[in-house]
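Chemist: What follows is the residue order along each chain.
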Amino acid sequence: MITKINMSKRINTITTVKNQLQVCMLSVKYNIMRGMLNRVTFLTNIIFMMLNNAAFLIQWIILFRLKEDIGGYTLREVMLQWALSASSYGLAHLLFARVFSLSELIINGKLDSYLVQPKNVLLGVMTSATSTSSIGDLLYGLCILCIFCFSFRNLLLFLLFTVTGATILTAYALLMGSFSFWFVRADMVGNNLVSSMVNFSTYPDGIFKGAVKFLLYLIIPTGMSIYLPVHLMVNFDVGQLFIVLGFMFLLLTAAIFTFYRGLRRYSSSNLMNART
Amino acid sequence: MNVIEAEHLSKTFRVKQKEKGMRGSLKAIFHPQTEEINAVNNVSFSVQEGEMLAFIGPNGAGKSTTIKMLTGILYPDGGKVEVLGIDPTKQRRALSYQIGTVFGQKEQLWTHLTPYDNFRFFGAIYDIGANEIESRIGMLSDTFDLGSFLNTPVRNLSLGQRIRCEIVASLIHRPKVLFLDEPTIGLDPVVKENIRSLIKQMNRELHTTIFLTSHDIGDIEKLCKRIIIVNSGQIVLDDSMEHLKYHYLNKKILEVKLQEETALPQVNGITLLKQKGSHIKLEVDTTVIKINDALHNIDTEHVEDINISNVPLENIIMEIYSSEKV
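So the protein sequences, as listed, match chains A and B. Mapping of the first sequence onto the numbering used here: residues 1 to 276, in sequence order. Mapping of the second sequence onto the numbering used here: residues 277 to 602, in sequence order.
Mixed in with the good hints there might be a few duds.
[Claimed, not checked] Computed spacing ranges between beta-carbons, pair by pair: (1) T547/B <-> R264/A: 46 to 56 Å; (2) I32/A <-> G326/B: 34 to 44 Å; (3) G262/A <-> A406/B: 35 to 45 Å; (4) E595/B <-> R264/A: 32 to 42 Å; (5) C143/A <-> N407/B: 52 to 62 Å; (6) A406/B <-> N199/A: 38 to 48 Å; (7) R369/B <-> S8/A: 15 to 25 Å; (8) D363/B <-> L218/A: 39 to 49 Å; (9) L123/A <-> D363/B: 57 to 67 Å; (10) A304/B <-> G239/A: 26 to 36 Å; (11) K296/B <-> N192/A: 24 to 34 Å; (12) Q309/B <-> L218/A: 28 to 38 Å; (13) A406/B <-> S101/A: 51 to 61 Å.
Derived by calculation from the structure, the hints in this document are not laboratory data. We treat Cβ as the ideally placed atom computed from N, Cα and C, and that holds for glycine.
With the sequences and hints as input, model every part of the structure.
Modeler: This is the structure we're talking about:
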């Protein structure tokens, strides 16, 4: 009897998770469909994002012609870092773009429509917008990997670290955005910290020393999302892999906890708005 | 059976205060000041199954805050609330399957999608199977007459068509209670009337409980049998519409067109509201003077036309709004 009840509970949980994933996937699909409404804008957004990233690639190639080693990195490693930065940024902004404007939703009381639905509020909010240009970032990362350092092993590790990098970036943006439940001006600090995380991810970590390095591994976790994974792709170490995974789960748990604690303080508004 | 029960419900908001000008802005950085606003203060009421209730009040009275606490959007600071026996603060998701919400000022539909795709999306949100959702879309589309624009993107629909789609989206999971917050805002009189008759039909056929807030007297008068008026976060009146009219309609408006301009005698209980030539508009207090006696004071032999009407409900409600507490 107990086994039957347990089995039924398990089936219910599986159905709930399946339904939740289906809604999230539909939401992302509809967001991309919205982006595709204007075919020209959609394609130029993607292409220009790839070209924009490629401009920095030329800059690094010129630098490495002048100097063989920058902060302990060779051209191949810098390219790997750029590829991972672009892909994890692209994946985070493709699936969870709304997290990066969470403060605005909280400050202006725009979470109502997610709160009246029988689905996970956080996932509903996170998947409610997409940035089509991020497809360009994602593709750019894969292209760079294929051109400069392709191997089956590298591809697998790259895909894994794209997911962990995107999760860490999303969790960090969620944590920073959730502070807006308590402080209205938290969005300014939060947005700057998230931008810093993205900006620092394009420089070799060897050029940073002491307190800055500590800052980049813990306060602005670029180290965990990009630097350490790049080191792992060059010299694989199981212990360091668990550090990355452990940090990701820890940050994600802290961000989700902070969001739901803050949600209790949420003040709705009567601003006229539309689901756009 | 009560479907909504609110006991001593309260909600306070802390609002930032700032002195005027740049000096005030600078001062607010170093010494921020806040003021506590009691948006809802000790509100208690219950709503029965199948009832159509108007929950009204002036702007800032606490209507939307109350609805948001009933639907689980906001956490109350004090008191207890149950909707269909569910506590919205603890079981928000379980409650969401049982209730529907239409916020006239906020769209929940994806504007680039067609109503059909939107309804399919809402079907997924409420875990409705593919066959079942098709049948419900078909049924609601017939009821709300959406057939001609079911496959047109929402952004290309008129406001009236959009509101109809919003209502259908909130009915797709067959909610037992429907919260309507200004559902007819910005609509023309014909569309308003159409929406009202659809809401009535839904209440009659599906026995859905309707909790309505609106500033439109027509919505209240034509849809609801009970009215709760809130002001400054407190309930100032909770009565049946019939009783409200009976209790407050002791004044009649008498409009008379005479053959020629005549001076009217001063009579207790009769107030001259307006006189333009031979057209006179009077207010008769029937608790002081009977309408028949009031007519005797007018030169009836020279009356060309006469019209007796009730004081508009709008005026009654305005009178209640302006009074402190009934």
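Chemist: Each hint: holds or not?
Modeler: So, going through the hints one by one against the coordinates:
One distance hint, 46 to 56 Å for the beta-carbon pair T547/B and R264/A, holds here, with the actual separation near 54 Å. Separated by about 43 Å at the C-beta atoms, I32/A and G326/B satisfy the suggested range of 34 to 44 Å. Remark: the range hint 35 to 45 Å for G262/A to A406/B is upheld by a beta-carbon distance near 37 Å. For E595/B and R264/A, the Cβ-Cβ distance of about 39 Å falls inside the hinted range of 32 to 42 Å, so the restraint holds.
Roughly 44 Å separates the CB atoms of C143/A and N407/B, a value that falls outside the hinted 52 to 62 Å. In this structure the hint that A406/B and N199/A lie 38 to 48 Å apart at CB holds, the actual value being about 46 Å. Between R369/B and S8/A, the C-beta spacing of about 19 Å keeps the proposed range 15 to 25 Å intact. Separated by about 40 Å at the C-beta atoms, D363/B and L218/A satisfy the suggested range of 39 to 49 Å.
At about 23 Å, the beta-carbon gap between L123/A and D363/B misses the expected band of 57 to 67 Å. Under the hint 26 to 36 Å, the C-beta atoms of A304/B and G239/A, about 51 Å apart, miss the expected range. In this structure, K296/B and N192/A meet the distance hint of 24 to 34 Å, their C-beta atoms being roughly 30 Å apart. Our hint of 28 to 38 Å for Q309/B and L218/A holds, since their Cβ atoms are close to 36 Å apart.
At roughly 33 Å, the beta-carbon separation of A406/B and S101/A lies outside the given 51 to 61 Å, and the hint is violated.
Hints 5, 9, 10 and 13 from the earlier list are contradicted by this structure; the remaining hints agree with it.
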